[in-house]
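Engineer: Sequences and hints are given; from them, build the entire structure.
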Amino acid sequence: MRREGIRQSTFRLFAWHRVGAMVLRHLYLLRSSWPRLVEMAYWPIVQMIMWGFITQFFLTHSGWVAQASGVLLGAVLLWDVMFRGNLGLSLSFMEEMWSRNLGHLSVSPLRPIELVAALIGMSLIRTVIGVLPAALLAIPLYHFSIFELGLPLLTFFANLMMSGWCVGLAVSALVLRFGLGAESLAWVMIFALAPLSGIYYPIDVLPGWLQVVASALPPSYVFEGMREVMFGHGFRVDLFATALALNLLYLAASAGLFLHIFQVARQRGLLLNMGE
Amino acid sequence: MADAAIRVVDLVKRFGDVVAVDHVSFSVAAGSTTGLLGGNGAGKTTTISMILGLLLPSGGEIRVLGEDMLRNRHRVLPRVNFSSPYVDLPHRLTVRENLVVYGHLYGLRDVARRVAKVAADLDIEALMKRPAGKLSAGQKTRVALAKALLNEPELLLLDEPTASLDPDTADWVRSYFQAYQRRTGATILLASHNMTEVERLCDHVMMMRAGRIVDEGSPGELIGRYGRSTLEEVFLDIARNQGEARKAVAAQ
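Quick note, the sequences are listed as chains A and B, same order. The first sequence begins at 1298 in my numbering and counts up by one. The second sequence begins at 18 in my numbering and counts up by one.
Just so you know, not all the hints are guaranteed correct.
[As the list claims (entries may be wrong)] SDA-like, lysine to any residue: derived pairs with alpha carbons at most 20 Å apart:
1. Lys151/B x Trp1331/A
2. Lys146/B x Phe1528/A
3. Lys151/B x Ser1329/A
4. Lys151/B x Asp140/B
5. Lys151/B x Tyr1325/A
[What the hints assert, rightly or not] Partial list, derived from the structure: chain A residues whose beta carbon lies under 8 Å from chain B:
6. Ala1312
7. Trp1313
8. Ala1318
Simulated from the structure, these hints should not be mistaken for laboratory data. Here a beta-carbon is modelled for each residue, glycine too, at the ideal position from N, C-alpha and C.
Structural biologist: Laid out in structure tokens, this is it:
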């Protein structure tokens, strides 16, 4: 076979067929494990049901919620986009460590940047699998359709996915550096951002110094933008642009951190010995 | 020496104060089967890991198939493969799924046909639908070898390739390597503790101790140089640091 049996693109610095191979590997995994699929959709549905009831209660006890009945449900669904975006990326990476597959991958033609691209692709797929059933169920259960946000929904979704990837890449880098003992960071780290992201309330309720911190977080602009749309004030391009700029900055930084730690792992010999 | 498939110059690897590989230089001739032998901690796995680019050296130069491994790894890796019983394939994926994924990673044009061919060659067709994690140790080794042969590598690095195989299967695998090499002219670098295997397969053997290559030659040359009757005895002389004394006795 030699070279004639191998695609020419294999010798390039970046090859989409390698990204596709890694996505296929994770799709095979999902196909082989229905509990994984159920788990992905389970928590967003539970959250949506709980916040649906809270919304019904507040409709008669809160003037603010009564102005836009879907503001809490919309927030919880969009928060899940960010949470699942993070989890989809970091869990896909940890699957390689749990299965002790990093050694084989690292001596295959797969490059770390292609691994990052594949993890992002899987995060997108896992997020849609996780959040879509909850979003669809909210329509018959609470007469709330997040899809009524229209085009702005796409901008919220894209920005929150990016924020999730930033956290997921940082978590994956830490797990690669410090081992699977750090895996709980995938769940813990993102919750540190939740109180500061203004998911359920405007960030001006925070103390002044925390507002400064919150203003550096892209999701705070997304959730503010969502409320603006829901309260009928229209789509705020400035909020979208700020969130996007911050996300691009953090995404570059977190991808840089991941690639740097991958290099550190090659220096320290961590890639062969990772596993459960 | 003929054209080198691997050329290593002054290779060093330090982990803090520990020098795992200590200024090692060697060449592996294209088309040869070369054994890298040494006791536990001698530096074999570290050396192989650096040749593969899995581990970055602290110093030195590595050229594989004519390319600088530190700069142009992406051009080399599609032509190389590796098998070790100590690195797993994803447990939940079936054998076929694993091979298909790696077939795509290596950029094969006709993945399904190549997977079927390798499965037939290695007699693992009956295992194709089973999850990799449910295989016996011997079956896993054969599947790992199938993965290592998917891209029909020009250079094959094998870390204890017949560990955990029964004698019959191990013998079959060794015959397969010999046939594969005759057919393709591939270069094989083999780390093993099985001296019978090394004597049978290797044209050239490098002996490592404490991060250095302390001797090398064909199995016959080494046995003669140390005045021994088997390679295992030579291995023990070197591992116990009695190699120089034995060579002096043999020279008399």
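Engineer: Are the hints correct? Go through all of them and say.
Structural biologist: Evaluation of the provided hints:
1. Lys151/B x Trp1331/A: 18 Å, holds
2. Lys146/B x Phe1528/A: 55 Å, violated
3. Lys151/B x Ser1329/A: 14 Å, holds
4. Lys151/B x Asp140/B: 17 Å, holds
5. Lys151/B x Tyr1325/A: 16 Å, holds
6. Ala1312: 7 Å, holds
7. Trp1313: 11 Å, violated
8. Ala1318: 3 Å, holds
Hint compliance for this structure: hints 2 and 7 are broken, all remaining hints hold.
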